[in-house]
Structure formats: C-alpha cells, structure tokens
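J.: Each chain, letter by letter, is given below.
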Amino acid sequence: MESLDQIKSRIEAAVPGAKIDIVPNGSPSQQHSLLIDNEHAVAVAKFLRVDSALCLDFCSNITGVDWLDRVVKKAIKLKKVVDGQEKEIVETAEEKIPGYLEAIYHLYSMTHKHGPVIIRMRTRDRAEGARVVSLTPIWRSAEFQEREVFDLYGIHFEGHPDQRRILMWDEFQDYPMRKDYREPDDYEWEPTPHDEVLEKAKGHFQPRPQIDGAEGIVEPLKG
Amino acid sequence: MSAIVQTIEAFERPPVSMGSRLEGELLEVSMGPQHPSTHGVFRMNVALEGEVVRKLKPVFGYLHRNHEKIGENTSYLGSMPYTDRLDYLCSMTNNWAYALSVENLAGIEVPERAEYLRVILAELTRLQNHASLLGFLLSDMGAWGTPLMYAFREREKILDLFESLSGSRMMCDYMRFGGCRVDASDEWLARAKQIVDRFPKFLDEFEELILGNEIVIGRTQNVGKLSAELAINAGITGPMLRACGVNYDIRKVDGYGFYPRFKFRIPLGEHGDTYDRLMMRALEMRESVEILKQAFAQIAPGPIVNPKVKVRAFRPPIGEAYGRIEGPKGELGFYLISDGTPNPYRYRVRPPSFINLTVLEDLCLGHTVADIMVILGSVDIVMGEVDR
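Those protein sequences? They're chains A and B, same order as listed. So the first sequence is residues 1 to 223, counted in this note's numbering. So the second sequence is residues 1 to 388, counted in this note's numbering.
I should point out that these hints are in silico values taken from the structure, not numbers from a laboratory. Since the model is a prediction, treat every value here as computed from it, not as a measurement. Incorrect hints may appear among the rest.
[Said to hold, decoys possible] As a list, the in silico DSSO-like pairs of lysine-lysine whose alpha-carbon atoms are at most 27 Å apart:
{"hint": "1", "chain 1": "A", "residue 1": "Lys-87", "chain 2": "A", "residue 2": "Lys-73"}
{"hint": "2", "chain 1": "B", "residue 1": "Lys-293", "chain 2": "B", "residue 2": "Lys-263"}
{"hint": "3", "chain 1": "A", "residue 1": "Lys-46", "chain 2": "A", "residue 2": "Lys-87"}
{"hint": "4", "chain 1": "A", "residue 1": "Lys-113", "chain 2": "B", "residue 2": "Lys-252"}
{"hint": "5", "chain 1": "A", "residue 1": "Lys-113", "chain 2": "B", "residue 2": "Lys-157"}
{"hint": "6", "chain 1": "B", "residue 1": "Lys-225", "chain 2": "B", "residue 2": "Lys-263"}
{"hint": "7", "chain 1": "A", "residue 1": "Lys-179", "chain 2": "B", "residue 2": "Lys-69"}
{"hint": "8", "chain 1": "A", "residue 1": "Lys-113", "chain 2": "B", "residue 2": "Lys-193"}
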C-alpha cells in the first residue's frame with residue numbers, strides 16, 4: 001500500500017479544496033491517520049472507496065473520542081542577551097487547545113487485502129449539537145456504529161438515515177461515554193403515590209397551631 | 001410475544017397479493033426480548049403481512065453495561081477479565097484480541113511457545129463455538145435437544161481442557177500482555193491432542209445427522225441470501241462473509257500470531273444463504289482440526305511470557321493502536337488510545353456480532369416468521385458482545 005503522504009497528495013488532487021492533515025501516532029504501532037475536514041468528508045470518503053489503487057471497500061471500525069479542553073506546555077528555545085552575553089534560555093509557553101469530539105474510521109480493502117487507513121473527523125466544539133458528516137451512504141457498516149457514537153458521545157451525523165439512540169433507552173439524557181459525564185444518583189426515580197403520602201405525613205410532625213390563651217388551660221401536673 | 005393489529009401506511013405495500021385477509025394490514029409483532037431463539041435479550045420489531053416479513057428493526061441494549069467506560073476506568077490488565085464477558089462463549093479469542101492490541105500499542109514481543117499456545121486455544125475455541133452454534137441452530141429449527149446434546153458433549157470436552165489449564169470453563173482470563181498466564185503441561189497437550197484427534201469422528205457423525213437432512217435443507221437453502229457486494233459494504237466478517245464467496249480471513253490477510261506457519265484452507269460459500277453459512281462452520285471446524293494437529297506437532301518447550309513486560313505500573317507510550325483477529329464470529333478488534341497513564345484514555349471494542357446484525361433486515365425481508373429464527377441463528381450472535 002502507498003504511504004499516507006502519497007494518499008494525502010492524491011486526495012488533494014482528486015478533491016479540490018479538501019484540507020487533509022496527517023495526525024502522527026507516537027506508539028510502536030505506527031498507525032498514523034488522516035484528519036479530513038467536514039465539508040469535503042463525503043467526497044474524500046467516496047474517493048477512498050472508489051479509487052482503484054486504494055479501493056477501501058471495507059469500513060471496519062468506527063468510534064468516537066472525547067477530548068476535553070487541555071493545556072499543552074511547549075518548550076521554546078530563545079536566544080537572549082543577558083549581562084552582555086548571548087545565552088540560550090528555554091521558556092515554556094502554554095497553549096490552550098479547546099475540547100472537541102472526534103469520529104475515527106478504520107478502513108481496509110477486501111479487494112487488495114491491505115489497510116488500515118485511518119481517517120478522523122472533528123467537531124467544532126463539545127457543545128450540544130456538535131456534528132460531523134455521516135459516511136453511512138458510502139459504507140453501510142457505519143449505520144449501527146454511527147448510531148452508537150451518537151448515543152454514547154452525542155456527535156450528530158448529518159445525513160444518517162436513522163439516527164436514534166441504540167444502546168441506551170430513548171428517554172435517556174446526556175452521553176455516558178463523555179469524560180465529564182456524571183451518572184445520576186438514581187436512574188429509576190419516578191413520583192409514586194408513596195411520595196404524596198410522605199408529603200402529607202410531613203404535616204403530622206409539625207407543631208400544632210396554638211389558640212390564644214390555650215396555654216393556660218392545661219397545666220402540667222406538679223408533684 | 002405480543003401482537004397488535006394495526007394499519008401502517010408508512011410501510012411499503014407488497015408487490016404481489018398474498019391472498020390473505022390481512023392484505024394491506026400489517027401486524028406488528030415484538031419478538032423478544034425474552035424469546036428463546038434470540039440467544040439472550042434481543043428484540044426485533046417485525047411488521048408482518050400474513051406470515052411474511054415486510055419490515056424488521058432490531059432493538060438492542062438490554063444487556064448494555066458500558067463495557068468501554070469500565071475499560072477506561074481500570075488499568076490495562078484490569079480489563080482482561082472483562083473481555084471474557086464480551087462473547088462469553090469465546091473468552092480465549094477475546095483475550096487474544098485484547099492482548100494483541102496492547103502488544104501493538106506498546107511494541108511487545110511474544111515468545112514462541114506462547115504464540116503456539118494462543119493458536120491452540122483460539123482454534124479450540126473456534127471448534128467449540130461452531131459446534132455449539134450448529135446445535136443451537138438445529139434447536140431453533142425445532143430439532144429439540146438431540147443435536148444440541150451431541151454438540152455440547154464435544155464442547156464440554158474442550159471446556160474441560162480450558163478448566164484444567166486456566167481454572168475456569170468459560171471465563172478463562174488466560175492471556176497476558178507478551179504471553180500467557182500459565183504453562184500447559186505435557187499431559188495437558190497429550191489430552192488435548194487426543195480430543196482433537198477424535199473430533200473428526202464427531203464431525204462425520206454430526207454432518208451426516210444434520211447437513212444431509214431433508215428438513216434442514218428445506219429450511220435453510222435459499223433462505224436469507226446475502227450478496228457479496230452488500231456483505232462487504234456492510235462490514236460483515238467471519239464465516240458469514242465467506243459464505244458469500246468473499247475470500248477474506250484475517251488469519252491469512254494479517255498473518256498475526258503464528259498462522260503463516262500453518263497450512264490450512266479457507267472454505268468459501270457460493271450462494272450466501274443460510275445453508276452455506278451452516279456449511280461454513282462445519283468446514284471451518286475441519287480446517288481448525290488441521291491447524292491444531294500441526295500446532296501440537298510443532299510446539300516446543302520454552303518461556304511463555306515476555307519477562308520485560310511490567311505487570312505493575314504498566315504504562316504504554318502515548319499513542320494509539322488498533323489490533324484485530326479472526327474470531328469465531330468475525331473480525332474482533334480493540335482500539336486503544338494511551339495518554340501515558342496506567343488507564344487507557346479510550347478503549348473500544350469492535351464487536352463482530354453487533355456489526356453482522358446490520359444486514360439482518362435485508363436477510364429477513366420476504367421470508368416468513370419461522371425463517372427469522374433460522375436466519376438469526378446463522379448470524380451467530382452473543383448478546384454479551386452485541387450490547388457490551
């Protein structure tokens with residue numbers, strides 16, 4: 001299979017205007033990935049599937065990742081003149097990266113038996129309604145897996161034919177795989193007649209209203 | 001099963017008249033989640049016209065426990081016992097897929113004997129999975145008990161092997177990163193070899209019992225046909241894909257473990273129907289027996305675990321990895337992202353039986369209610385893996 005740089009330049013030639021970045025992977029697996037922009041995602045995916053040299057007809061695995069806001073510290077080497085001498089000083093600069101959600105697709109070719117080519121798409125932010133483009137029209141295997149990502153991460157897939165929750169129940173609020181998800185104290189709370197009874201019962205324990213002068217009627221027994 | 005008669009205009013009208021009183025009226029049946037043929041808690045909302053399926057929507061999630069979140073909240077090794085509970089019939093292959101992904105992530109070498117043990121256990125798992133699948137399927141078709149008992153007799157022998165090796169019949173928790181947990185004794189290998197040598201006899205008997213049976217042929221041939229194009233596009237893997245005639249077996253394609261050292265063939269189907277999917281399991285068992293025989297001949301004494309792998313404070317380098325194996329049900333993959341801490345930042349399971357259900361509706365349309373059980377049975381699902 002050709003290298004990612006070659007694939008990147010061929011995509012850019014075939015899909016005009018597509019912005020492709022290579023996301024390096026530091027682990028020994030060396031599985032680097034391509035970051036594609038949402039506007040051209042469908043065209044890029046179609047190219048990857050149809051192109052005769054790549055022919056990535058099998059979309060194996062689709063998953064979401066939640067990246068929170070994070071601060072990356074970078075060491076910058078500067079040359080400064082200190083006391084008349086030129087010195088190299090290392091300064092740390094902090095860069096704030098706003099959080100986003102990511103959808104990752106692992107593509108293989110059954111025709112040529114190669115792969116994986118990994119593509120990722122990112123949402124603008126982590127807010128409700130964060131969206132990327134659905135690739136279900138291109139790979140049918142995305143149908144249930146994109147529904148799962150929507151269910152657990154809350155990424156909306158534009159153009160998905162049947163976007164509903166799949167593992168959690170329909171009435172469920174929030175997205176349980178997000179990193180800042182906090183589970184409810186009681187999943188199954190619902191008002192019951194018992195709660196109303198308890199509410200009434202509170203009245204029994206309150207001190208009775210006293211009529212004026214009534215204090216003197218009954219005197220406590222002495223002796 | 002509960003049934004409500006109602007007219008649903010949204011559903012497509014059938015092309016031909018079925019000659020029934022219910023023409024134009026669809027009967028919506030909720031099959032499951034407690035139906036005996038759904039192999040667990042799985043529900044299908046089926047719209048029927050007479051007895052013919054016009055629409056089918058699977059409903060998941062009754063066994064959902066957010067396995068992936070649990071995996072992110074525990075250490076890398078801590079997830080290993082949890083993988084047993086995914087597809088609880090095939091814990092050995094689940095362990096292997098997870099160990100393989102972590103080995104990809106951290107760049108760990110596996111010693112030779114451990115690789116052989118892994119192949120042996122994975123192929124034994126394949127044998128018992130396929131045998132019990134055929135038994136369950138016959139049971140779904142109405143052959144109550146008898147074929148299932150034959151299949152379970154063989155499965156039980158293999159589970160006894162697992163128990164004597166790992167201490168547990170089904171929840172084995174056997175693989176470790178860079179090797180295996182305990183070594184197999186010579187007696188164990190001799191006993192395993194004996195069981196494997198006798199396995200073809202069971203296959204001969206079983207194939208004669210079921211695969212030539214007139215009723216089985218009538219119930220399965222031309223039922224639930226799947227085209228190769230749709231199968232590839234829908235990400236179908238495993239025996240279900242090969243029944244459509246697509247030659248794609250990850251043991252050959254990726255050549256993980258020591259599979260390139262063994263001679264074995266990949267059985268391929270022709271029609272992609274339920275009968276081919278049945279046959280695929282029977283033929284694959286014979287190939288697994290061949291692999292096992294070669295593995296027993298080649299395995300040599302040696303270390304079973306890579307001593308360089310840290311057990312405590314195991315921290316893979318920052319990065320990500322996807323590893324996959326050919327499980328008995330299809331491509332089983334694990335996707336991991338490490339942020340340099342003892343817990344994975346992202347832990348994802350690629351469940352083959354969940355993705356193989358994508359085409360369930362396509363397979364069932366136009367067939368009768370009774371065929372749904374047979375088609376679902378031939379997909380081979382385990383709800384522990386589908387719902388995670």
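J.: Look at each hint and say if it fits the structure.
T.: A quick look at each hint next to the structure:
1. A:Lys-87 / A:Lys-73: Between Lys-87 of chain A and Lys-73 of chain A the Cα gap is close to 22 Å, so the pair holds against 27 Å.
2. B:Lys-293 / B:Lys-263: At roughly 11 Å apart (the allowed maximum being 27 Å), Lys-263 of chain B and Lys-293 of chain B satisfy the hint.
3. A:Lys-46 / A:Lys-87: Violated, at about 54 Å.
4. A:Lys-113 / B:Lys-252: Since the Cα atoms of Lys-113 of chain A and Lys-252 of chain B sit roughly 10 Å apart, the hinted pair holds (cutoff 27 Å).
5. A:Lys-113 / B:Lys-157: Not satisfied, since the Cα-Cα distance of roughly 36 Å exceeds 27 Å.
6. B:Lys-225 / B:Lys-263: Answer violated: Lys-225 of chain B to Lys-263 of chain B is near 31 Å, above 27 Å.
7. A:Lys-179 / B:Lys-69: Holds - the C-alpha atoms of Lys-69 of chain B and Lys-179 of chain A are around 9 Å apart, at most 27 Å.
8. A:Lys-113 / B:Lys-193: It is violated: about 33 Å lies between the C-alpha atoms, which goes past 27 Å.
Checked against the numbered hints above, the structure violates hints 3, 5, 6 and 8; every other hint is satisfied.
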